[in-house]
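Participant: Given next are the chains, with one letter for each unit.
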Amino acid sequence: MSIRVEELSKAYGKHAALHNTTLEVCTGKLVALLGPSGSGKTTLLRLIAGLETPNAGRVFFHGEEVTEKSAYERRAGFVFQHYALFQHMTVFDNIAFGLEVRPRATRPSKAQIRDRVQELLKLIQLEAFGKRYPAQLSGGQRQRVALARALAIDPSVLLLDEPFGALDAKVRKELRAWLRRFHDETHITSLFVTHDQEEAFEVADEVVILNEGSIQQIGSPHGIRKDPANVFVQDFLGIEYQI
Amino acid sequence: MAGAIQDLTASRGLARRPQRATEERPLVRWLLIAISVGFFAGFLLLPLVAVFVEGFRRGAALYFQSFSDGVSLEAMKLTLITAGIAVPCNTVFGVAAAWAITRFEFRGKQLFTTLIDLPLWISPVIGGLIYVLLFGSQGVLGPWLQQHHWRIIYNTPGIVLATVFVTFPFVARSLIPLMQAQGLAEEEAALTLGARGWQVFLRVTLPKIKWGLLYGVILCNARAMGEFGAVSVVSGHIRGLTNTVPLQIEILYNEYAFAAAFALASLLSFLALITLAIKGYVEWRALQDLKASQL
Numbered sequence: 001m002s003i004r005v006e007e008l009s010k011a012y013g014k015h016a017a018l019h020n021t022t023l024e025v026c027t028g029k030l031v032a033l034l035g036p037s038g039s040g041k042t043t044l045l046r047l048i049a050g051l052e053t054p055n056a057g058r059v060f061f062h063g064e065e066v067t068e069k070s071a072y073e074r075r076a077g078f079v080f081q082h083y084a085l086f087q088h089m090t091v092f093d094n095i096a097f098g099l100e101v102r103p104r105a106t107r108p109s110k111a112q113i114r115d116r117v118q119e120l121l122k123l124i125q126l127e128a129f130g131k132r133y134p135a136q137l138s139g140g141q142r143q144r145v146a147l148a149r150a151l152a153i154d155p156s157v158l159l160l161d162e163p164f165g166a167l168d169a170k171v172r173k174e175l176r177a178w179l180r181r182f183h184d185e186t187h188i189t190s191l192f193v194t195h196d197q198e199e200a201f202e203v204a205d206e207v208v209i210l211n212e213g214s215i216q217q218i219g220s221p222h223g224i225r226k227d228p229a230n231v232f233v234q235d236f237l238g239i240e241y242q243i
Numbered sequence: 244m245a246g247a248i249q250d251l252t253a254s255r256g257l258a259r260r261p262q263r264a265t266e267e268r269p270l271v272r273w274l275l276i277a278i279s280v281g282f283f284a285g286f287l288l289l290p291l292v293a294v295f296v297e298g299f300r301r302g303a304a305l306y307f308q309s310f311s312d313g314v315s316l317e318a319m320k321l322t323l324i325t326a327g328i329a330v331p332c333n334t335v336f337g338v339a340a341a342w343a344i345t346r347f348e349f350r351g352k353q354l355f356t357t358l359i360d361l362p363l364w365i366s367p368v369i370g371g372l373i374y375v376l377l378f379g380s381q382g383v384l385g386p387w388l389q390q391h392h393w394r395i396i397y398n399t400p401g402i403v404l405a406t407v408f409v410t411f412p413f414v415a416r417s418l419i420p421l422m423q424a425q426g427l428a429e430e431e432a433a434l435t436l437g438a439r440g441w442q443v444f445l446r447v448t449l450p451k452i453k454w455g456l457l458y459g460v461i462l463c464n465a466r467a468m469g470e471f472g473a474v475s476v477v478s479g480h481i482r483g484l485t486n487t488v489p490l491q492i493e494i495l496y497n498e499y500a501f502a503a504a505f506a507l508a509s510l511l512s513f514l515a516l517i518t519l520a521i522k523g524y525v526e527w528r529a530l531q532d533l534k535a536s537q538l
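Taken in order, these protein sequences are the chains called A and B.
My numbering applies: residue 1 is where the first sequence begins, and numbers increase by one.
My numbering applies: residue 244 is where the second sequence begins, and numbers increase by one.
No lab work stands behind these hints, which were simulated from the structure alone.
There could be a bad hint or two in this list.
Derived PhoX-like pairs: lysine-lysine, alpha-carbon spacing no greater than 25 Å straight-line [what the hints assert, rightly or not]:
#1 Lys-453(B) x Lys-522(B)
#2 Lys-451(B) x Lys-131(A)
#3 Lys-14(A) x Lys-352(B)
Quantities reported herein were computed from a predicted structural model and do not represent experimental measurements.
Using the sequences and the hints given, assemble the complete structure.
Facilitator: Structure (structure tokens):
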């Protein structure tokens with residue numbers, strides 16, 4: 001599944017958060033949206049998920065237009081910066097949620113849901129934590145549960161908004177490596193937002209650099225470092241001028 | 244050096260309990276506590292005790308006899324019917340209003356938010372009067388209603404309408420700040436997981452707001468059962484037909500049937516005490532939930 005956005009624009013009142021953005025994330029790639037705060041990267045991610053409505057432009061998932069579709073029809077797996085786990089549900093119920101809310105016709109049986117949740121708990125290495133509540137978990141554990149919850153619905157694409165932003169440096173590094181390994185195994189088309197260039201360059205296949213609502217450069221980590229497109233990218237990455 | 248440290252510890256041992264900068268002097272503290280507790284006892288607790296004492300003055304037999312009187316029973320029935328309609332109405336409205344105000348941006352939202360409080364600012368008598376002006380025989384819709392033989396004023400519908408008006412803000416007011424503080428993240432997560440609007444509400448929002456909602460419903464109910472002013476205007480005071488418990492109490496009192504009046508009054512007071520107890524429990528539970536989510 002690929003993600004494609006065409007000439008997407010979004011303004012809040014008079015403030016243009018994103019203008020005229022075109023971007024394609026190829027099937028099976030892990031792409032980072034990198035930029036300073038206020039650069040429009042989270043807006044772009046939320047527009048793709050269907051959590052915001054664009055003022056102009058179109059969104060495609062694997063060639064099929066989803067611009068007019070609501071978030072629940074798109075079912076893009078979304079991982080929030082502050083986890084957004086359901087506080088009143090156990091870890092098990094959190095992960096099962098996306099399967100439980102399906103219409104009766106397509107809803108898996110209780111046993112199937114249980115198996116799927118167990119499988120995901122194993123994947124995130126929290127097999128013994130199914131009965132706990134989110135408040136009883138550490139930050140890193142919560143974020144893994146949030147990821148498992150998003151994966152439970154077999155999402156067509158995975159969107160991560162500053163997934164490691166609220167974690168301390170050590171856990172951050174571990175989860176980063178874990179995400180990379182996870183992606184290598186599943187090859188699910190993924191787009192993640194970060195303001196941390198080290199994170200973007202270490203994890204992603206391709207990096208998209210945004211500033212003030214516009215894409216500045218798209219390229220491989222190596223390519224961007226070697227050949228920054230403009231002064232902003234150069235400054236942002238802290239690359240010395242080469243005359 | 245060692246001597247200096249010893250000196251310090253010694254003097255600390257002798258010093259009085261350290262006084263925090265924000266703490267008042269003992270005299271002021273005692274005075275404030277005495278005034279507030281004294282005021283509470285004199286103006287709230289004493290009358291409440293008096294109600295029960297007066298009710299039981301002529302013995303328990305007469306006390307319970309007051310309730311089995313047909314007219315009083317009708318008054319209780321009408322009060323229950325009124326609250327039974329007004330509270331669910333305002334619960335649905337309150338949740339819808341709180342949802343709209345905290346989730347959507349629309350023109351006139353600020354004005355709407357302010358106007359929800361209107362029934363709290365104006366005298367309840369006016370709350371009753373507006374329905375007389377609308378539906379009374381001299382009112383705007385009066386002739387039309389009369390043609391169709393619909394009676395609203397001096398009848399149960401009028402009493403229900405007046406009660407709905409007066410108890411309008413309670414649920415919405417207890418939910419709006421709560422829902423604003425909680426934010427939208429969990430609802431958004433539910434949406435991306437494929438939940439539809441009503442599933443998001445039932446499975447995510449409702450469990451999050453349940454204590455706040457219960458709190459609002461209890462306050463709304465207490466007010467609905469106790470409302471006097473607005474109901475008095477639209478009731479017409481027809482014995483056994485359009486008298487709610489508070490109105491019946493006034494009638495009994497005016498007829499010097501003190502024991503019966505205070506017996507009914509004690510019933511309403513008892514309701515208030517139960518409300519307070521549930522309210523206390525709900526607040527405590529909400530606090531526990533809040534603590535748990537912030538661990």
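Participant: Taking only the CA atoms, is the gap from Lys-451(B) to Lys-131(A) under or equal to 25 Å?
Facilitator: Answer holds: Lys-451(B) to Lys-131(A) is near 19 Å, not above 25 Å.
Participant: Going straight from one Cα to the other, do Lys-14(A) and Lys-352(B) come out at no more than 25 Å?
Facilitator: Holds, because 20 Å separates the two Cα atoms, which is no more than 25 Å.
Participant: Would the hint linking Lys-453(B) and Lys-522(B) be met if the CA-CA limit is 25 Å?
Facilitator: Holds, at about 13 Å.
Of the hints listed earlier, there is not a single one the structure fails to meet.
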